[in-house]
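*Asks:* Now for the letters of each chain:
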Amino acid sequence: MAHHDHRTPGGKRYWLDSKRNVAKVFYALIAIDVLWLAADFFYKKKAEFEALGGWADGGIGFYPVYGFVGAFLLVLAAKQMRRVLMRPEDYYDREERSGSS
Amino acid sequence: MLEFLLSPPLLLMLGSVALAAAPRSVLPRSVLRALLLALPAYSLWRFWGLDLGNYLQVDLFGQTLTLMRIDGLSRIFVVIFHLAALIGSIYSFYVKDNFQPLVGLFYAGSALGVVLAGDLWTLFLFWEVAAVSSALLVWVRRDGRALAAGLRYLGMQMVSGVLLLAGIVLLRHELGAAPGWAEFRNFTGLLEDGGLGFSNLAPTLILLAFGLKAAFPLLHSWLIDAYPESTPAGAVFLSAFTTKFAIYALARAFPGQSELIWIGGLMTAFPIFFAVIENDLRRVLAYSMTNQLGFMVVGIGIGTELAINGAVAHAFADILFKGLLFMAMGAVLYRVGHVNGSDLGGLYKSMPITTGLCIIGAASISAFPLFSAFATKSLIMSAAAHEHYFWLWLVLLFASAGVFSRSSPSSTTIPASAARRRRGRCSSRWSWPPRRAWRSVCFRLPSRSSGSRIPSTNCFPTK
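Protein sequence lines correspond, in order, to chains E and Y. Each residue of the first sequence is one higher than the one before, starting from 1 at the first, in my numbering. Each residue of the second sequence is one higher than the one before, starting from 1001 at the first, in my numbering.
Derived from the structure by calculation, the hints contain no laboratory data. Please note that the accuracy of each hint is not assured.
Cβ pair distances, simulated, as ranges [stated by the list, open to error]:
| id | chain 1 | residue 1 | chain 2 | residue 2 | range |
| --- | --- | --- | --- | --- | --- |
| 1 | E | Lys-19 | Y | Leu-1014 | 58 to 68 angstroms |
| 2 | Y | Gly-1176 | E | Tyr-43 | 37 to 47 angstroms |
| 3 | E | Ala-77 | Y | Tyr-1334 | 44 to 54 angstroms |
| 4 | Y | Ser-1350 | E | Phe-42 | 38 to 48 angstroms |
| 5 | E | Val-84 | Y | Ala-1022 | 50 to 60 angstroms |
Built from N, CA and C at the ideal position, the CB exists for glycine as well.
Full structure from sequences and hints, please.
*Replies:* In structure tokens form, the structure reads like this:
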């Protein structure tokens, strides 16, 4: 999200240039999340899995919890993977140098 | 004869050659462009009127070749390939040079040939034509990087062709006659031992040939390497055909092949980690393409009616939303000169329409409710759940959620950082074959400036 309250060279201010509007978008997304979580209480799901006591695809709130944990672990894992996998941006453009990897 | 010429594959291929050969004085650009749209539109209209069945059979060297076999599976791919050809042609009107849409149409024609092929030899023929014509689409960028990437790409595509040929020859040797493509349905069952491996080499080789083009893990790096090196329009054409006709071929020949479930599961999960690290947004799209292909491969591996329908529907939807995302990134590349995520902040201000379209594409690929992949991924997920693949289901769910985090390039269009200084492309010296280039064939690694969000500008000497 925007941390910079900058103007374009033309000086025109856009709707998202204001931090307050960015906050509005943020809270609107949270509101949508809450609504979808609330929807879980109003219909019955047919559970296919017995694992987790049927919570996985039949319970309330599994998707947001799993999504959050998954995304969290993804970022943590990718951070560690950078050390091993990431190459400089010009890696594939460089001429061969002896002994470099 | 006329019937041959007017079949979808030949109509597009010969039509594009004829248009390319026609001198400019006879064919002004506006007429050429009209014809570029008319060709696939007419071809689709003609195809629409055909019933299911075999068409255009010829005897050649004692073999009966069936150039066109229409059934439910091939029909849906023919329709979406025509639409993709139309969309790609329109998109490529931004370039003055008409070579790109013409090659694109030719390539589309060869892809149609693959999905309409009624026997293995015809399949092989169009398989190879598609390989060469798609390499041309990488080369249309006409710089050293694209040339080198295109050569590596062509090399890998040829490997796929050779594997396919070896498989067909072996199969013919073992069975006494090459089986028609029609009997291909779960064709490992044709041989005594239904499993894959050295004891059953023919289907294993054919599976590898298909798998290479469907970007199986460790066979996928040509996709990450070459597609982002093409032009904006070239990438739109490329994203539609090769990988999808490989999915078609897998769905035709290996439905319910249990190995595909785990291969596909791996394909959905690992590109997400790479995509988070990668900075070139068209390369990020290429990773997310591997991820989406994984869903289709899983669907084919599960093999129930629901799963196959899901896989094919997802292929259909993927051609549309991935095309849209490549178009959006192509527009950014055209306008800004690069697509490095860390350098593209606040782009929504100068490209609001592209931003809107990009968000639509991102919502689709992330299976947001009311967008296409929400329905198609749900089919595959439900099939996995129905067959009680719990861990697979968890992986698919994770992959489905994770794709939004970075694979959806809308992150660029949200004002993330102040607009930074423009950077040109890295210097592109023609250096073939550097050993480093081969490394990218074997396993293309994500590249990004280390640590800071502000990219280092190593590719230019700093003052």
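*Asks:* Next step is simple, just say for each hint if it's right about the structure.
*Replies:* Hint by hint, here is what the structure shows:
{"no.": "1", "hint": "Lys-19/E - Leu-1014/Y: 58 to 68 angstroms", "result": "holds (59 angstroms)"}
{"no.": "2", "hint": "Gly-1176/Y - Tyr-43/E: 37 to 47 angstroms", "result": "violated (57 angstroms)"}
{"no.": "3", "hint": "Ala-77/E - Tyr-1334/Y: 44 to 54 angstroms", "result": "violated (34 angstroms)"}
{"no.": "4", "hint": "Ser-1350/Y - Phe-42/E: 38 to 48 angstroms", "result": "holds (44 angstroms)"}
{"no.": "5", "hint": "Val-84/E - Ala-1022/Y: 50 to 60 angstroms", "result": "holds (54 angstroms)"}
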